[in-house]
Each structure stands twice: as structure tokens, then as C-alpha cells.
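Novice: Listed below are the residues making up each chain.
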Amino acid sequence: MDLKSVTVQLRNVGLAFGDNVVLRDIDLDIEAGEFFAFLGPSGSGKSTLLRLIAGFGPTPEGQVLIDGEDIARLPPWKRNVGMVFQNYALWPHMSVQRNVAFGLEERRLPASEVRERVDAALDVVGLREYADRRPSQLSGGQQQRVALARTIVVEPRVLLLDEPLSNLDANLRIRMRSEIRELQRRLGITTIFVTHDQEEANTVADRMAVLNDGILQ
Amino acid sequence: MRWGPAGVGLALAFFLIAFLVIPVLKVILVAFQDPGTGAFTLVNFQDFFNTSLFRESFWNSLYVAGMSVMLASSIAIPLAYFTTRFNFGGALVIQTLGVIPLIMPPFVGAVAMQLLFGSNGSVNLLLDEYFGFTVPFMDGLNGVILVESIHYFPFILTNLAASLANIDRSLEESAQNLGSSGMRLFRRIVFPLAMPGYVAGASLVFLKVFDDLGTPLLLNVNKMLAPQAYLRISSIGITDPMGYVISVILVLFSIFSLWASFRAFRGRDYASVQKGGGGLLKRDLRPWEKVGAYSVIFLILALVLAPHIGLLLLSFGTVWSFAVLPDGYTLEHYLRVFETSSQYITNTLLYAGLAASIDVILGTAIAYIVWRTGIPGRKWLDYVATAGLAVPGVVLGIGYLRVFHGVEVPFSDQPLASWWVILVIALSIRRLPYALRACVAALQQVSVTLEEAAENLGATTSRTVWRIVVPLMSGGILAGFVTSFATAAVELSATLMLVSQQSDAPLAYGIYVFMQSAAGRGPGAALGMIAVVIVGLGTYFSHRIIERGRRLRTSDRVVAEVGTTPA
Numbered sequence: 619m620d621l622k623s624v625t626v627q628l629r630n631v632g633l634a635f636g637d638n639v640v641l642r643d644i645d646l647d648i649e650a651g652e653f654f655a656f657l658g659p660s661g662s663g664k665s666t667l668l669r670l671i672a673g674f675g676p677t678p679e680g681q682v683l684i685d686g687e688d689i690a691r692l693p694p695w696k697r698n699v700g701m702v703f704q705n706y707a708l709w710p711h712m713s714v715q716r717n718v719a720f721g722l723e724e725r726r727l728p729a730s731e732v733r734e735r736v737d738a739a740l741d742v743v744g745l746r747e748y749a750d751r752r753p754s755q756l757s758g759g760q761q762q763r764v765a766l767a768r769t770i771v772v773e774p775r776v777l778l779l780d781e782p783l784s785n786l787d788a789n790l791r792i793r794m795r796s797e798i799r800e801l802q803r804r805l806g807i808t809t810i811f812v813t814h815d816q817e818e819a820n821t822v823a824d825r826m827a828v829l830n831d832g833i834l835q
Numbered sequence: 035m036r037w038g039p040a041g042v043g044l045a046l047a048f049f050l051i052a053f054l055v056i057p058v059l060k061v062i063l064v065a066f067q068d069p070g071t072g073a074f075t076l077v078n079f080q081d082f083f084n085t086s087l088f089r090e091s092f093w094n095s096l097y098v099a100g101m102s103v104m105l106a107s108s109i110a111i112p113l114a115y116f117t118t119r120f121n122f123g124g125a126l127v128i129q130t131l132g133v134i135p136l137i138m139p140p141f142v143g144a145v146a147m148q149l150l151f152g153s154n155g156s157v158n159l160l161l162d163e164y165f166g167f168t169v170p171f172m173d174g175l176n177g178v179i180l181v182e183s184i185h186y187f188p189f190i191l192t193n194l195a196a197s198l199a200n201i202d203r204s205l206e207e208s209a210q211n212l213g214s215s216g217m218r219l220f221r222r223i224v225f226p227l228a229m230p231g232y233v234a235g236a237s238l239v240f241l242k243v244f245d246d247l248g249t250p251l252l253l254n255v256n257k258m259l260a261p262q263a264y265l266r267i268s269s270i271g272i273t274d275p276m277g278y279v280i281s282v283i284l285v286l287f288s289i290f291s292l293w294a295s296f297r298a299f300r301g302r303d304y305a306s307v308q309k310g311g312g313g314l315l316k317r318d319l320r321p322w323e324k325v326g327a328y329s330v331i332f333l334i335l336a337l338v339l340a341p342h343i344g345l346l347l348l349s350f351g352t353v354w355s356f357a358v359l360p361d362g363y364t365l366e367h368y369l370r371v372f373e374t375s376s377q378y379i380t381n382t383l384l385y386a387g388l389a390a391s392i393d394v395i396l397g398t399a400i401a402y403i404v405w406r407t408g409i410p411g412r413k414w415l416d417y418v419a420t421a422g423l424a425v426p427g428v429v430l431g432i433g434y435l436r437v438f439h440g441v442e443v444p445f446s447d448q449p450l451a452s453w454w455v456i457l458v459i460a461l462s463i464r465r466l467p468y469a470l471r472a473c474v475a476a477l478q479q480v481s482v483t484l485e486e487a488a489e490n491l492g493a494t495t496s497r498t499v500w501r502i503v504v505p506l507m508s509g510g511i512l513a514g515f516v517t518s519f520a521t522a523a524v525e526l527s528a529t530l531m532l533v534s535q536q537s538d539a540p541l542a543y544g545i546y547v548f549m550q551s552a553a554g555r556g557p558g559a560a561l562g563m564i565a566v567v568i569v570g571l572g573t574y575f576s577h578r579i580i581e582r583g584r585r586l587r588t589s590d591r592v593v594a595e596v597g598t599t600p601a
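Protein sequence lines, in the order shown, are assigned to chains P and Z.
Using our numbering, read the first sequence as starting at 619 and increasing by one per residue.
Using our numbering, read the second sequence as starting at 35 and increasing by one per residue.
Isolated chain P (complex conformation) (with noise of 0.2 Å):
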């Protein structure tokens, strides 16, 4: 998988639902290539602020930039931003093989190429024995990887991850850490990593942003 490195630049963005401000003054640079985390409490706004960059929510004020071009006012199916959601989001009634693939047939990918491209990126995250299954008969951590793999798939341009080791065991979550850390060494994919946990930043991240009550600090 060759994926071209994107800068990611947020510009004086702000987000209010209704009368209720959860952002204020974002500005944010992060490298082509890096992995960058998002720490703060419960309620600081920071998964707010990962799904706006998706496209989730009330359009912001302000620039989003990736690569140079402003997303921020584009519906969710036309940014290519990868996300994996903290509950998976897994569709139930599709295997782990159609669930990977979902993206790729969206994009009218002629059949033999989307077998091929969810037979390697099931390579990648080591579940490829598991195409059949499906999602209610895999773990937890199956599950994430399974998620990770539909994402990485489509060679999106930035990879967001919405606290994705919150739902993990202790042991699980310190694995599965340096897994996708260094799945993202591999593939070289500028990352945003959502967490609440502080020492989980410092051991995976390359640089964070803190944020707390919608403001960067």
C-alpha cells in the first residue's frame, strides 16, 4: 500500500450546536506522516473536534485543510478522511470480508481489484482468516481491527482513530498500542488519535494538542 503523506491545518475553527459554543479558536498544524493526538477530558470537545474534521455535526467556522484544500464545508462521503468510530461500527448484517470492501464498492472498484486490495489489507491487520465471519462472532480487539482494515482499505489521505482502545482490556489495550502505532510507521498515514489518557498519548503519539472545554491549550 503506497499512501501519500498530507499536512493537516486547522484555521481559527470554531463549532457551536444551537447557542452552545463546544469549540473556540482551533489552530492547529499537524505534519505530513505524523502521528498526533487529541487529549483531554470527558466533555473537552476533542472528539467533537475529530468528527468535524470527518464531517460529523454542524458546519464549523473556519478553514480545515488537508493538503492545502478546505474540506470544511464538504459532506462526510466526499472528504476521504478514514475514521475508526470508538464503537467500531461494524455493520451486524454483512461479514468481515463485505464489511471491508464496503468503501471500495462505493468507489464502483471492478471486482477482482476489491478482492484483492481486502485480501491485503485483512493481510495487514492479520485477520485474513476471518473474512466470513461475522462481526458478532469476533472479540473485541477482532473487532478493531477489522475497523481499522475497512478504513485503511480506501488509502485515505488521514487516518482519525475515536478513542479506539477505550473498550479494551488493559493487556489488549498497551498490545494493541504498538500495533497500530506501528502500522502507522508502515504505511507513513498522517494520523489523529483521540484519547482521554495521558500516558497512552505520551507513548504512541508524535506531538498532542491538550483541549479542555473547546479550547486548545
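Short, incomplete list of chain P residues facing chain Z, as computed with Cβ under 7 Å: (1) Pro694; (2) Met701; (3) Ala707; (4) Trp709; (5) Arg725.
Worth flagging that the hints you see were computed from the coordinates, not collected in a lab.
Every residue gets a Cβ at the ideal spot worked out from N, C-alpha and C, and that includes glycine.
Using the hints, position chain Z against chain P.
Specialist: Relative to chain P, chain Z alone:
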């Protein structure tokens, strides 16, 4: 603003306005119009209340609806009490009792009840022979009350049982701790807490009985509001203002009943989240209590099964009058039905199938737009669609006849009001509120993140709905379809108003026509049994689908509920 969903929303709004809002508004308008000049006037209402026939009909409708609630309550309350208060082996029996009445529409069983409980019916013949007296079970209004109560008591039973089952046990325990017990406890603590459920069920029963057209007609009780509206319109025509006045009264009372039903729960939802489940303390029955409980249940079971048994006997009986049982048995009625009247069955399957399809498509679309998009004014789609509950079939029928009078089907010269498609639309509008609730419930089971994940991977809203949302809703949608189908198949009120020729008529109409004559009762009963089978199968499959969905979904819910930590 996403234009796709907005377009769909507009189309939905147009459908609802054209086929629900405008007909009802028109009916209300005409009631307040002078028939000659068209000016606003209250003279129609004055005429209505000045006529003793109509005053009597109004009072009768109120009386029958009220008494039906009373009788239905006296059946439902003991049963609800038994299931929730005692460790009861017969709990399953009670659940079944709650379903059996609903698979036979009241008008279908009405004639059978007449034969069993009428002044010359089986029960009275036996009573007279052995005890020398008779009971006027079915005389005049009593017949309507009896038939309606037996059919509708499950509405009160399920709502009340659910309410009782939701009561936080600690509320009862603290009362006991303070010295209260038994009937006093029930009266002061338990019943008030269960009131919302009771009121919800009772007002629904009131509404349905007040609006019912078929049962009074078939029992030859014409001095009630709905039959009067039907008779005026069908004999005098759509210009007669009385039908419209009656419609306004029916709609007003329906709205009132619905309002009471919704209000019952406002601010008083005593449901609790309790470890180990809510509900009252259950205790075992003492032996004499067991005897009492089982005899009450047996009595109710006999009453509940009476229409079914009666209908079965009637469908197979040769001649049955002034006798406890039919003189002989035959298959002739069924043969006759299948040979000469099969169009009733095929029409029903077609109409109900179409209406149910329309319902689930509209229901899914409205559910998605209301709950998943930000389109302004979208809540009104839900409100208007649900408002259909307050529109009796008679009123909708009159509205369509009036509004579509003189309108022709596009590309032909057939009047729109007598085209069978209009009947399908009426059926779908009347069933839409239930289908909508099923679709909303199904949609709420689908976590939003599942849609977001699809959008994140490049799927637009419509692709996401098609590939992710609808498949995951499929259980609920299917259940909604089956329920819509089963109830549309036996709808009579709007049908009577809108059917113009026999060849277009569905089952309910066929039953009605056959039951008018003594000779037709046999085939009518045969058709009735077929209707019961259709509804029964529908109800059964609907339960199976919902149960299967519930089992499969526990795994989904784990996926969806994992980690909702706010950040």
C-alpha cells in the same frame, strides 16, 4: 441542506395533504356551510341537535362506547391483576387471551354472537329450558356493547399489564414497610401508579367503539352516530349535511380520546430501571384463590372464544335458527365461496398487500426524515401521519367521496372516487400510524455510527439508507407490513363508503353483504373464517419476525452500545 431527503419529504407531505388533510378539512368545512349558499353557519348543527333521532344516536354512541369500556375493564383488570400479582401458571393462557379477540374483527363475529346469545340464541334457549328465564345479552345496544367489549378488552389488558409490570418494586415495599397491605395497598399505591396504562388503553377502546360502523350495522342497530352517517350519505347523497355534522362530532371525540390517551403518560411515566426487573412482588396463590382465579379465567375464555366457535359452527352449519346448535353440517358454504365469490379474496389480498407496501415505504421514509435529518418542519410529517388515528373510516370515506367527486382518473374517464385504488389509499392512510411506529422503533435500533461509518467510506445518504439502514430495519419493517396487511384485510368502515361495485369489493364487504340475509349467513361465515385465518396468520408471523429480530439484535446492540463515552 441535503436536497435528496428534502425532495422525498415534500413528496410525503403532498401525499398526506392530498389524501388525509384535505378530505378531513373538507368534511369539517361542509358541516359548517349552508347547503344552499355556502356561507358559514351553525344551522346544520342546530338541525342535528333538534332532531330526536340524531340526539338519540349521539347519546347511544356515547352510552355504548362508555359501557364497552366498563365491560372491557371488568374483563381486563382481573386478568391484569392475576398476571402481575401472582406466580401464575396460567400466565401464558392470559397472554393468549389477549390475542385471540384481536384476530376476529367485531363485525365478523357479531352475527355469530347473535345466534349464541340472542333472545332466541343457544344460551338463552338453554337458560329458558332449564331455569325458566332469559337474559337480554344481545338486545339492541347490549349486543353492540357485548361484541365490542369482547373484542377490545386486550387493549386495556396489555396497556394495564405493562404499566403494572413497570412499577418500581421499592414503591410497594416502602408502603408495606409503613403498614399498608392487601386491597388498601392496591387502591392507594398500585392502582394510581398503573393509571396511565389504564387510561391509555381505555381511551383507545372508547375511540374505537365510538367510531365503529360495521358492528352496529350488522346487528341492525342503526340509531348510533356512525351508522347514521353511513345511511344518510348512501341514501340521500354526498350533499346531505347531516353526514358531515356527524363526522365532525366523531372526529372531535376521537381527538379527545387520543389526547386523553397521550396525556395519561405525560409527566407520569412511572417506569423504572430496576435490577432484576421491575414489577410488583409476586406471591403464590392459596388453594381457594386458585379455584377462584381459574374459574374467572375459564369464564372469560369461554366468552372470548364464543364468537370464534359461533362463526365456525355457522360456516359449517346447514340451518341454524331457534336451536342451540345447527341442524346439520356441510362444506357447501365454503365451496360456494370459493366458486362464486373468490374475487373477494383476491381483491383483499391485492388491496391489503398494496396498502401495506405503501405503509412501510412511507413509514420508513418518514421515520428516516424525522429522526435522521435536520429538515425544518419534519416533525409535522410524523404528527400528520399519526393524526390519521383520529379519523374514523366513515369520515375518511365521506371526505374522499366529496373531494374527489367529479375528479377523473388521469388518462381515462373513470371517476376517481369509484376507482379501487382510492380504497387502497384510504386503507394505507388508516394503517399508516401503526406502520410508522413500527418503522420508528426499527430505526431507533440502528446506531447512527453505522450510518456515519458508511458515509465516511464514501456512501451518500441514499446509498447508506439502501445498503445499511433498511437491511438493518428489515425485521421491524416486515413486522409492520404484516400487521398493516392483516388489519387492512378486514377494514370495513372506509370500505363500505368507497366500494362502488361488487367486482371491486374485498372480504369485509363480502361478509357484510352476505350477512344481511338469513340464507347468506353460511357463506358469510365461511368468508369470515377465511378473514380470521388471514389475520391470525398475519399476527402469528408478525410475532415470529419480531421475536427472531429480538434474538439476532442482542448482538447488534452490543456492537452499538459499546463505548458511548462522551469526549
